[in-house]
Structure formats: C-alpha cells, structure tokens
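**Q** Line by line, the protein sequences are chains A and B.
Its first residue numbered 1, the first sequence is counted upward by one per residue in the numbering used here.
Its first residue numbered 1, the second sequence is counted upward by one per residue in the numbering used here.
Bear in mind the hints are in silico, worked out from the structure with no lab data behind them.
Among these hints, one or two may not hold up.
To give a feel for the contact side, a few chain A residues facing chain B, derived at Cβ under 7 Å [what the hints assert, rightly or not]:
no.	residue
1	Asn78
2	Gly176
3	Val202
The beta-carbon is built from N, C-alpha and C at its ideal position, and this holds for glycine as well.
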Amino acid sequence: MNWKVRHEGSPRSVDDLSLQDVLSGLENGAWEPTDEVMGPGESAWVAIENHPQLAEVAADLEPPLPPQHDDETHLDMNALIDVTMVLLIFFILTTSYAALQKRLEAPSASKDSPGVAVITDKQVAEQMILVEAKMGASDPIILVEGKEVHPDLLLKELRGFVRRTSKTTLLLKHDGDVPQDTVVTIIDQAKGAGLDRVRLVVP
Amino acid sequence: MIPLIDVSLVLLIFFMLTASAAVAGVFVNTPETRYGSVADSSNAIRIDIAVDKAGDPIYSVAIGDKPPAEDDSDIRDFQRLLERLRGLLPKNGQMELVINAQRDLKSKYTRELLVALRGEPFRSRLSFNYYGVSEKQE
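Given the sequences, and given the hints that come with them, work out the whole structure.
**A** If you want it as structure tokens, here you go:
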C-alpha cells in the first residue's frame, strides 16, 4: 500500500494504492506510462515508465492507438469510373461515326455544254456499256445494251459484259423520274462488276 | 444509388444533345449499296437532299458532319443552293463533295446538280463528287 499516482505535474494524486492496483491501472489504461508514481518510502515523483519496479511493465504495454478521424479527402472511385467509362464509350462511338461515311463516286456528266464532256457514238460503241433506266408502270426498268435485266441479275449481266468485251466504262442514261435508289444501285453494281468509271448522259 | 444517378445523368445529357442535333441536321435516308467505300468525309462539303410530300427536293448544305447553318438548310430553290454552295467553297485548294440524296428522290435533281457542278467555280474547287450511301442490310 501507500503507492500514489498522479498525472504528470498534477497537484492532485490518487493515494493509498497497492502495487497491484498501479499495475492493473496501467494495463487497463487508467494510467499512462508518462503519469507519475511515488512508492512507499519514496520522496520524489517518478514517471511510471522510469520507475524501477514499473518500467518493465510500462515498456510491455502497446502504445495507445492514435485517435481515428474521418478522412475528409476520400473520393468514391466507383462513381468516377462509371462516368468515365460511359463518356469513353460515347466518344469512341461518336468519333468513329462522325468521321467515316460510306460513299460511292458520283458519275461524271456527258453533254454538249460548257464544262461537260462530249462523247461520240463511236466512243460509246467501242469503250462503253450502255445501261438505261426507265420508269415502267410502277417500278423502274433497267436495260443493258437494250436488253431488259432484272435488278437482282444486273451484277451478273455486267460481269458477263466486262469479261466478253473488256470495256471499263459504263454509260448511264436514265429518265428523270427514276428514283435515286435505282441510279445508285446501277453505279454500285457497276463498281462490283469491275467497271472503273460511270458516265452520265445528260439530255 | 449515387453511381446510378451519375450514369443516368450522363445518358440523359447525351440523348438531349443527340436529339437537338437531329432537329438541326437533315438526316437523309440514302440508298443502300454493297460496294460503297468507307472514307473520312469530315472535311468534305455535304449536300443533303430530302424530299417533301409533293416529291420536290429540300436541300441543305454543310461541312462534314456539322449541322447546316440556318441559311443553309431548308433550301427549295436550286439557284439559291448553288449560291450557298459557292459560299462554302475553299478560297485555295480543293474539297470533296458528298451528295446525300434520299432514295426516293427523282434522279433528275441529282443529275441537274452534277451538271451544275461541272461548271465554274465548282469545277476547279471540287476534287471529287460522291454519293453518300448506307450499308446494304443482307
């Protein structure tokens, strides 16, 4: 008995403690190693961590955990990643669609007027395959060198002409009322058949 | 819930912007082809030709994939189209031109346009003329 403990430098102390009380207080956190102790028969306050009888126990104690504070700089990365991925996919898709377009070379016009080439019947006969498009009762009619051809068979027919005659130019003559779809289909099939140029007859 | 809201907002803004672009631009139902080539048309002059109920063409002119300016859209007169087109021609060098004609447009209108483009000043300022087309669905 007669052990006294006080907080470092405090004028007040807890008296009449046994050595066991001091040790258990140290272990359960009531006292800290820096608190001061005065044993029986001693006249000076000594820090618990420096007292010969208590220093070893104080040294074995784990230091108290630092106080926990909420981390205010924390960022929720999941939401950030979600939004970033959506933006990334969006830009990938839009840039590819914006920059690239499917297209077909438009025919050059042939007529006796400024800036338009004039070609003779001889040139037509020697170098070109004549394809005409006219409006029928409801659907357009396609004629290859005067012979009516179903649109589904046009590619085959043109390939046959290319193989037999080695002509590389298609001369396209169409009525004004024929839909653009038919005209583009003929140009598309000409390209598929290996004809490298399409010329347009202007009335 | 917060990530869900974030993504929803982004999608909402995306659809709002594309919806407004759809109103501003003329989206034309171009003919389908199998042998059209895919190319970068972002710097080409674009002429969209839609068709009204009477079958007459409605022209609009713009560069690349940009929506046309107010004066360059809803053009009904062919001479006015050529006038607006002249305004878009480069001062130096040449540009490509893409004609996006609606598939049920009467072909006399595209022929008329191609003949006009053979004349000056278009002839010396346009390198190639193309028809804009779409991929054929098998």
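**Q** Are the hints correct? Go through all of them and say.
**A** Structure-based check of all given hints:
Checking asparagine 78 of chain A against chain B: minimum C-beta separation of about 6 Å stays under 7 Å; hint holds. Against a cut-off of 7 Å between C-beta atoms, the interface hint on glycine 176 of chain A holds, since the closest Cβ of chain B lies about 3 Å away. Interface hint at valine 202 of chain A: satisfied, since its Cβ lies 6 Å from the closest Cβ of chain B, which is below the 7 Å cut-off.
No hint from the list above goes unmet by this structure.
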